Amino acid sequence: MVTTRDPETRDPDLPLAGMCILVADDEVVIALNLEETFRDAGADIVSAATVPQGIIAARTPNLTAAILDVSLGRETSEAVADVLVERGIPFCFYSGQMLSPRMQAKYPGVPVLTKPVRQEAFLTTLLSLVRPRKALA
Amino acid sequence: MELVTDPPIVGIGASAGGVKALQAFFEALPDEPNAAFVVVIHLNPEKRSELAAILSTRTRMPVSQVADKVHLRNNHVYVIAPDSALNIADHMISALPFDEPRAKRAPIDLFFRSLAAQHSDGFAIILTGAGADGALGVRAIKEVGGIVLVQDPDEAEFASMPRNAIATDAADFVLPVRDLARQLAELLKHKGQDADPLIPDSEDEMVRRILSHVRVRVGHDFSQYKRATITRRIARRMQVSQQDTLPAYHVYLREHANEAQALFADFLISVTTFFRDKWAFEQLATLVIPQLFEGKEAASSIRIWVPACATGEEAYTIGILLLEEAARRDVRPEIQVFGSDLDTDALAVAREGCYAADIDSDISAERLARFFQREGDNYRVRRELRDVVMFASHSILRDPPFARVDMVSCRNLLIYLDRDLQHQVCTTFHYALNPGGFLFLGASESADNPPGLFRAVDRESRIYRMVPNTGERRTALPILPGTHHSATARAAAPHRLSGPSSDVALHRQMLERVAPPSMLVDETHRAIHLSETAGRFLQPSGGPVTTVATDMVRPELRFDLEAALHRAFDRGETTLSRPLVVRFDGAPQRIYLQVKPVLEEGDPGRYALVLFIEGEAVRADGDDAEAADNREPANETIRHLQEELQLAQSRLRATREESEAANEELRAANEELQSINEEYRSTSEELETSKEELQSTNEELQTVNNELKQKLTSVSRAHSDLQNLVAAADFGTLFLDSTLRIKRFTPRVTELFNITATDAGRPITDFTHQLDYDQLADHAHAVLRELTLLEHEVQSRDGGWYLVRIRPYRTVDDRIDGVVVTFVDITERRRVEEALRDSEARLKQEMRLVEFSRAPIFVWEYDDGAVQWNRGSEELYGYSRAEVLGRDVAALLRSTPPGGTFDAVRQALADQGVWSGELQHTTKDGRVLTVESQIEMISVAGRRLVLESTRDITDQKKWEQRRQLLLGELRHRVGNTLAVVQSLARQTLRTSGSNDRFVDLFEGRLTAMARAHTLLVDGHWEGAELTALARVQLAAYMGADPQRLRLEGEAVLLPPHLATPFGLVLHELATNAAKYGAFSTAGGRVLLSWTRGERDGRPILAVSWREFGGPVVVVPERQGFGGVLIERGLPGAVVARRFDPAGLVCTIEIGLEEEEHDGDDT
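First to last, the sequence lines map onto chains E and V. As numbered in this note's numbering, residues 1 to 137 make up the first sequence, in order. As numbered in this note's numbering, residues 1 to 1162 make up the second sequence, in order.
By construction, these hints were calculated from the structure, which means they are not laboratory data. These figures come from a predicted structure and were not determined experimentally. Check each hint, because a few of them may be wrong.
If you want the footprint, here are the derived chain V segments under chain E, 3+ residues with CB under 8 Å [as the list claims (entries may be wrong)]:
#1 930-942
#2 984-992
Subject to a maximum C-alpha distance of 25 Å in a straight line, what follows is the list of computed DMTMM-like cross-link-like pairs (lysine to aspartate or glutamate) [said to hold, decoys possible]:
#3 K743/V with D772/V
#4 K278/V with E255/V
#5 K844/V with D814/V
#6 K106/E with D772/V
#7 K958/V with E75/E
#8 K958/V with D925/V
Glycine is no exception: its CB is placed at the ideal position from the N, C-alpha and C atoms.
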């Protein structure tokens, strides 16, 4: 699901202006909060609560970055992450627990945010993910 | 005499080892050897003999056992039956019972002797055997002209019988048994070709040539031996040398130097045995021997001559009889028995005085014991007998005889001699004997030729007594024919007979009629022959009748005859006497004596012919008177002189005769001295031999002495060893004799028995002892009886224990001489044994504990399989004890330590001996267990035993994992929940507007979450029952009226990930209803219903929230956070809100995936 801000409310000075962020979390409350946060920072949001939704969302054409809950329903978000890796889209994990050793090995260098996190940390992390890209742009 | 058609008979004697030899013998024989074979073998009288059956497999000839009486047939084999002897007569062979006791039986001798008695052409074969049976038999066979074959003793399994047979000198062939058979076949073939071995008379000349060859070679003349004997011996030698004709044999004889000696030996064969013809010797002992002792003083001597004594048996026999007689009398004159023979080999045997053992069949046991001593298989003549018999080489025909003997025993010699030699020998005997001496001859001999010399004492046993000559003086020794004389004389004799006898007789008759009366006189002046007309001139004088010529003629002629004879013999002159006046019936007549020596073959003086030539009658008147007148005084003187002369001459003659007799005696004495000398020489040789023997005995003794010395040294060393052993032995040893008297004891015995060294010899039962052991004596007796070892453990009075061992005392020569009792202190051993028993019991107990322990414990050998497997192991792993024992436990259980192999564990065990840690074990039914294992390796008697004890920690591990999982989950959930709470707070704050409202909203939402959580926790986080969830969330809004909320639907368990959001959704719906909807009015009601369904093949839960009786519903212009929660709060759910004016309708469709277990992913 893509929610876009109204063009009049769009402020190009916002930190995430012009970006499209995928939020994948099966906890609706958390997802809503994240969406609100990123939206407030100027980003368009693509959200997913299940793995199939996540995979479709990950293929969104202008996707800039993603934040993935490790567990989506009873599955992990690994399949979604794989699509992202394949597409070269930066992402971070947001998890209630540590990443399993296998996944740590599989995704080196991917930041992991352990729940709960202060609101600013989301933005900081996400910005660190997209900054190199932004600088290039 | 045998019939020509009868086969030759071959007697075969064998004993020990004989069956094998016989088999080989018959195998080597041709199928038809042309003879009848009689096998005599020593058999066990009690057993059946299979010999016939055994031999019949080796020959084509029929073989039968002689049971009764059988006629011998050609090419048959006859075998002796057990317990019988064989006898042969007229080609009938018969089995006879034995007369002798078993030990003395000599069946081979018996048969051979009977064969010899019947057949002169038998064959005797001696094969292997122990003893001397057959030795006498072969001599008998050989004597009658048979042939003797003997198995080579080197080949024979038992050499004794062949050796004894060979020792008799009778063996013609000594060969290995197969060659023996071939030789026999050859001999039999020759015999077959020349059916009559006897030499025809026409071969006389050839026989003579053979004899003269023997004489030249050997120096003995046999021409006057009986022709039959001579030809038989020659025929035998021909057979042996396989010469078919006499000339051929003669050539053979000349070409083979040894043959003459062999033939000579054959000529001399004679069988002598001890007491040959027993009855004759019995007669001798009763009739003659006592008389010999009559009138003899101790200083005088009895002299016996045994000519032709051969191997001396006869001489010794007589010696025995004399010694026996002497023993019966007080006086014992010196006894001298002279044995003489031509055959020096035989004499050597005689001097040795050593005879085969089978002489015991001829000599009584008593005599054997007295006069012989046993030497192995032989009997040797004892000194006493040997000393009275002397042997000398002597020819009775050629050498001067022994003189002044009391008896001559000459048995079985005369039968071999022709009549002339018999005559001569008898005369010799007569000369040799003292007046009244005895002559003892063989069974078929007599001393009647010449007559008058001997008178029979017992004709049956051929005992004669010498008749002394009528004259006082001894008879002169008869002329001993020199061998040359006799040969030439004999050679000439047949010549004389070969003329036309009628002419010779006529001529002789005429000559006799015409010739003057004559008389032939020999050298001794005896008248040998008178012509028919010579009687007129004889006028024997009174007194004993004599044939001396000068005593026989008329007295008138005697003087001149005497002188003429002397001239004739001494000078060989022919003389013619002066005319002698002889008055025939008163008419005087002149007689001339012509004495002419008969010249024969240039040997003058042996005979003289006396011719009585009658002259003219003396006229009675003129001449006679004239002569008488004229010559009266002269005649008187002459007669006187003549008488004197005659007297002197007769004196001279007597003196000469005496001198001759004395001379002869001297010759005889000389002969005797020579024989004594020879005897001395042989004695000297014997002494020399004895000396050598003594020397060698001495050396032997020295050796023995040295050996004894060494033995003594070793014995004393052994003794000191024994002493030290006794001193060192830490146990008591007691030696008792068979009556339980103390022989010897070691010091430790004194601790138990109150004995001291001086008590040796006293019965052990006399002593008190410290042992609780009263049966010592009984047990010792039992050991002596049973000769077995007895052992007892006995307690001593001071509480110690002793092992008492009684064994028989065996001397080195394995004789039982008492018992040996040993007391070994085993107190310590008993204690150790008891401790061992205790520990064994304890061990057993512990083993059972292990065995029945539920904890798995097992033991395996480091280098081998399992040795123990307890019940705990059986229960844990499912393998029974039997399945595991002997197998490699690690392989069976697939023991692996985590992340490694079991080899590492083994290495650790080898290095450190212990290992403990986790292992994976696989049970029989394939379950993989995780166990905690304690392993320890110990070495027991070279085996490395590994003790392993395990504890199953599979469940523990599982719980551990589960705990880890739960912790993770908890952390996840708490984090998640806190994040949710954080988001809730932020979102609530974002929409609330005032602090009070935020608190109110946030608390309500937090409470809803908490209630859902409470339900989940109560349901073990497995899910929340929908009804219960609805009730806890909506209870606050229902107030007192239960009708405000209706719940319709089957029981549905919401999974945990849906339960919390669902609770929040219900809370928001209820909050909205309380603000704007059904719960805001008193009559408002809510129906919450749900059904299970299906969409696209997946299970779904369709939930419906329907409000009734509330205020009229208006669609809100702005959607708040609550609305967002309702519409998006359930992940994957389809939510629809319809703002029906009658009341809000909210439908929610949730996918109900099949719930899976927790923990299947991390």
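Against the structure, the hints come out as follows:
1. Remark: the stretch 930-942 of chain V is not confirmed as covered by chain E, as 0 of its residues place a Cβ nearer than 8 Å to a Cβ of that chain, below the required three.
2. Residue count for the stretch 984-992 of chain V with a Cβ under 8 Å from a Cβ of chain E: 4. That meets the three needed, and the coverage hint holds.
3. Our distance criterion of 25 Å between C-alpha atoms is met by K743/V and D772/V, whose separation comes to about 23 Å.
4. For the suggested pair K278/V and E255/V, the alpha carbons sit about 44 Å apart, so the restraint of at most 25 Å is broken.
5. Between K844/V and D814/V the alpha-carbon distance is near 49 Å, which puts this suggested pair outside the 25 Å criterion.
6. The hinted pair formed by K106/E and D772/V fails the criterion: a straight-line CA distance of about 93 Å is larger than 25 Å.
7. With a C-alpha separation of about 23 Å, the suggested pair K958/V and E75/E falls inside the 25 Å cut-off, and the hint holds.
8. In summary, the hint linking K958/V to D925/V is supported, as the alpha carbons are separated by about 20 Å, within the 25 Å threshold.
Hints 1, 4, 5 and 6 from the earlier list are contradicted by this structure; the remaining hints agree with it.
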